[in-house]
Amino acid sequence: MKAVKVDKLIPGMVLAQDVLIPSTGVTLLPSNAVLTLEMIRRITSFNISVVFIADPQKSEEEKTEEILAPAMAQAHENVVAAVRDIVTNPEDQLFEEQIIAGLVGELLEHVEMDASLFLNLTHLKTYDNYLFSHSVNVSILALLIGEQLNYSSEELNQLGVAALLHDIGMLKVPMEIWRKSGTLTPDEYQEIRNHPLYGEEILAAKNMSKEIRAVAAQHHERFDGSGYPNKLKSSEINYKARIVALADVYDACISERPYRERITPQEALRLIVADQELYDPQILKVFISTMAVYPIGSLVKLNTGEIGKVIKVRNKQPFRPVLQIYFDREEKLLDEPIRLDLSEDANHLLFIKDTLSPVQHKKALAEIGKNRNQ
Amino acid sequence: MKAVYINPFLNAAYNVIKDIAGAEATKGELSLDSSPIKGDEVNVVIGVTGDLTGQIIFCLTEKTALVLASKMLFTLATDTFDELAKSAIGELGNMIIGNAVTELAEKGFICDLTPPALFIGKNVTVSTAVSQFLVIPFQTNFGKLDINVALKETT
Numbered sequence: 001m002k003a004v005k006v007d008k009l010i011p012g013m014v015l016a017q018d019v020l021i022p023s024t025g026v027t028l029l030p031s032n033a034v035l036t037l038e039m040i041r042r043i044t045s046f047n048i049s050v051v052f053i054a055d056p057q058k059s060e061e062e063k064t065e066e067i068l069a070p071a072m073a074q075a076h077e078n079v080v081a082a083v084r085d086i087v088t089n090p091e092d093q094l095f096e097e098q099i100i101a102g103l104v105g106e107l108l109e110h111v112e113m114d115a116s117l118f119l120n121l122t123h124l125k126t127y128d129n130y131l132f133s134h135s136v137n138v139s140i141l142a143l144l145i146g147e148q149l150n151y152s153s154e155e156l157n158q159l160g161v162a163a164l165l166h167d168i169g170m171l172k173v174p175m176e177i178w179r180k181s182g183t184l185t186p187d188e189y190q191e192i193r194n195h196p197l198y199g200e201e202i203l204a205a206k207n208m209s210k211e212i213r214a215v216a217a218q219h220h221e222r223f224d225g226s227g228y229p230n231k232l233k234s235s236e237i238n239y240k241a242r243i244v245a246l247a248d249v250y251d252a253c254i255s256e257r258p259y260r261e262r263i264t265p266q267e268a269l270r271l272i273v274a275d276q277e278l279y280d281p282q283i284l285k286v287f288i289s290t291m292a293v294y295p296i297g298s299l300v301k302l303n304t305g306e307i308g309k310v311i312k313v314r315n316k317q318p319f320r321p322v323l324q325i326y327f328d329r330e331e332k333l334l335d336e337p338i339r340l341d342l343s344e345d346a347n348h349l350l351f352i353k354d355t356l357s358p359v360q361h362k363k364a365l366a367e368i369g370k371n372r373n374q
Numbered sequence: 001m002k003a004v005y006i007n008p009f010l011n012a013a014y015n016v017i018k019d020i021a022g023a024e025a026t027k028g029e030l031s032l033d034s035s036p037i038k039g040d041e042v043n044v045v046i047g048v049t050g051d052l053t054g055q056i057i058f059c060l061t062e063k064t065a066l067v068l069a070s071k072m073l074f075t076l077a078t079d080t081f082d083e084l085a086k087s088a089i090g091e092l093g094n095m096i097i098g099n100a101v102t103e104l105a106e107k108g109f110i111c112d113l114t115p116p117a118l119f120i121g122k123n124v125t126v127s128t129a130v131s132q133f134l135v136i137p138f139q140t141n142f143g144k145l146d147i148n149v150a151l152k153e154t155t
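Sequence lines, in order, name chains A and B. Under my numbering, the first residue of the first sequence is numbered 1, with each subsequent residue one higher. Under my numbering, the first residue of the second sequence is numbered 1, with each subsequent residue one higher.
In isolation and in its complexed conformation, chain B is listed as follows (with noise of 0.2 Å):
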């Protein structure tokens, strides 16, 4: 995997959050593992086509995607995972990627992103197309997120 298709995933998740949540998120140390990837008790799964083929999971525990939720609500106080805590982590995952696909472009990579695909559940195992794959630690005030970066360039 090379930096010059995961930075844009990564700088998207960053200013996404920046502009959601008014916070700073600090990049934690980098990992790899293989596949498949256990998810947390949140799971944004994207699919990736084109120049690109893979997959981009952000993995997030209820708590820090009720907060996400809630910035995304006008600040509405938001308990438990609902429907509406669920449509807004979808628009997250929308805004990241809508936001990685112009800077993918821009290093001459095309890709198709499917819709973000959301998994709840502490079990979640997600196999991915490659079998390592990238784990990227995001701290915030309110939580953490890891984003699992599985991709390859189509040959």
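The following block holds chain A by itself, in its conformation from the complex (with noise of 0.2 Å):
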């Protein structure tokens, strides 16, 4: 317990006892009440200076969290070290489409289990693991994709497995090139260029399904036809392919990247519906309706100045995520975060002012992990 100063509560705050107002000590909000934007507004307008904040405490949702987050953490780790293993070596007996699609199910069965979670892992990568850590998360991505667009399972895991393999081509580009800082010569342009056709030829010689070379074929192809390697356009483009399309597009932004940095996960959204033309239309809306308006990840700062980030997406719920409060109205750190869940009516009243730039993105995530550390 703690005694906070009434302008510095924040909503999502429990109180830990009774307030009482204070000319005839009548209760105005019992203890254990969690505080919404009209309590502290209450709270304000009676001659009240402090009120008693419990400790945080755990939500069952939180706890399920904190022993789901390590477990799907394993889990990704392991299916990005399986796909390595299994696409590196093309004489491996395990390249076939029968195991990899073992390892969808896996991705699948978190994404039921708590797709947000696992999302929230789709940014941890390491730089060496790109590759393969990138098809992993496209595959993800692909995923819930497919989910909202109701496919069956049969339909979800040959996506699921498409995507996995998508960039797959890759592995024919020498690695100097694709790493490559600088500006790219013709010549290496147009070896990444043949990617896509590289990754058809590989997963033909696999016997891999029509769909699954189709995608890996046609990934780089745009709704618009201004894509390569064909110049396909709208519905000369495989359907799962214009999933992994998007999919790939945005993790890439998402990413760091040799000869850029990473953009915040806002941003790349913005930058894709700035491009709306490339992408089909309706997988696009459902892309931003799961994705959220403000995706997982984002810092985002509220209309009564407390910054967090987002830290899960309900569904159907695009503008109200549920974020973890990290800085206070002041932009002060707070010691302990404070998690708010937009999507409850209590607190409709607050809402997204704004998300930061991209340099207050970076500021603000150092300052966290500082604290964090100590």
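Keep in mind that the hints were calculated from the coordinates and are not lab data. Keep in mind that the hints are not guaranteed to be accurate.
Claimed, not checked - When the alpha-carbon atoms are kept at most 30 Å apart in a straight line, the in silico DSSO-like pairs for lysine-lysine are as follows: (1) A:Lys353 <-> B:Lys107; (2) A:Lys180 <-> A:Lys363; (3) B:Lys86 <-> A:Lys301.
Put the two chains together into one complex; each comes in its own frame, and the hints tell you how they fit.
Rendered as structure tokens:
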């Protein structure tokens, strides 16, 4: 329990003691009440200077998340390693649709369990493993879209496998080209643009199904016909390839690449929508409502001034995520972050006013990280 | 009805629309009408309790609503009023009342506002708690938005 000045109260804090109206002694708010904006206003309107706030208690949802998160991180890592081992060895007996479908089954299980929590992991990637963690992330994102499109489990599985293998042609492109940070020569550029065809060849040699090969071959085609290698457009492009194209671009945007810094999740969405003619409009809509207007990992500022990180996105509520509030309205780092679910009716007077700029984003993350390590 | 508690809603609507759409809204001639309110194609109803009692109802054409929704979705082309557009307009309502409630509190009115309820369709009528309501038309360069205010001080 700690005493908090009234002007430092933050929605989501829990009262440790009853708040009494000073003049009458009548209970204004009972202990254990979770503060909302209206309650804070009401407290402020009386001559109360300090209230007692309980130490943060974890909700059932948070407790479940704490158990699930490390298991999911482990699963993510395992799948990345398995994909790497299988696809880097084309002679491998395990390089077979059935086996890879098993890995997708594992991803799908976690997506269904808690998609938000699993998506958080797509932000953790090691540069060395880029190709493989990227493939796994694209597969997770594609599965999320497929779920919203009501795909059958069979369709989902095929989509997941196709997404895991979409970039396999990159293995034929010399490492120094796709890791190069400077400008590519025309020949090198052409080599990169060959990777969809290389991918299709590899997958054909492995007797993968037609759809899976089509996704590898067409994931750089664009809806308006501006893609490569064949400038296919709209319905000429395999539907699953259109899904993977979007997932691929999004994950590439939020990743750190040798030639540029990573951009924030919302900036990635903004860039994609700015070029919306490149993507299937229906899939794009599903993607935005799934990722939400403030995607997981975004740092946002509330109308009341507090700053928090989007940690969970509720289905069908793209504007109302769950936040972890890290900074008070004076932008001072809190000792303990406070969880705030904007999808709850009690919090409907709070809204996200702004997303932090990339510079502010980086600075805030550094500060949060520093505090955690102490 | 008094300007002191109507103005916070007007200011909030004006500022939020300006923020989102980057467009100035001009306020038209105010008029009084009697209950029920006959809605437009898209209607956002907000209940008010606490120091004030009544409703605030935003009425807009689908075309105007789609432009605003698109602006809230990074200018995503939005041609049908689907779930995504609905959630954008619902959030627009939240933003307006979230701003209004702050100004109301500064003026000494502590109010609870219900989450915005969305009603779609030309034939929507809303019976208000007070017999007469104020109509405030806003004109923007992408369409019209009426704000209907039916409020009284709680006795």
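Checked hints:
1. Distance check on the hinted pair: Lys353 of chain A and Lys107 of chain B sit about 23 Å apart at the alpha-carbon level, within 30 Å; holds.
2. A hinted pair counts as satisfied when its Cα atoms are at most 30 Å apart, and Lys180 of chain A with Lys363 of chain A qualifies at roughly 28 Å.
3. For the suggested pair Lys86 of chain B and Lys301 of chain A, the alpha carbons sit about 23 Å apart, so the restraint of at most 30 Å is met.
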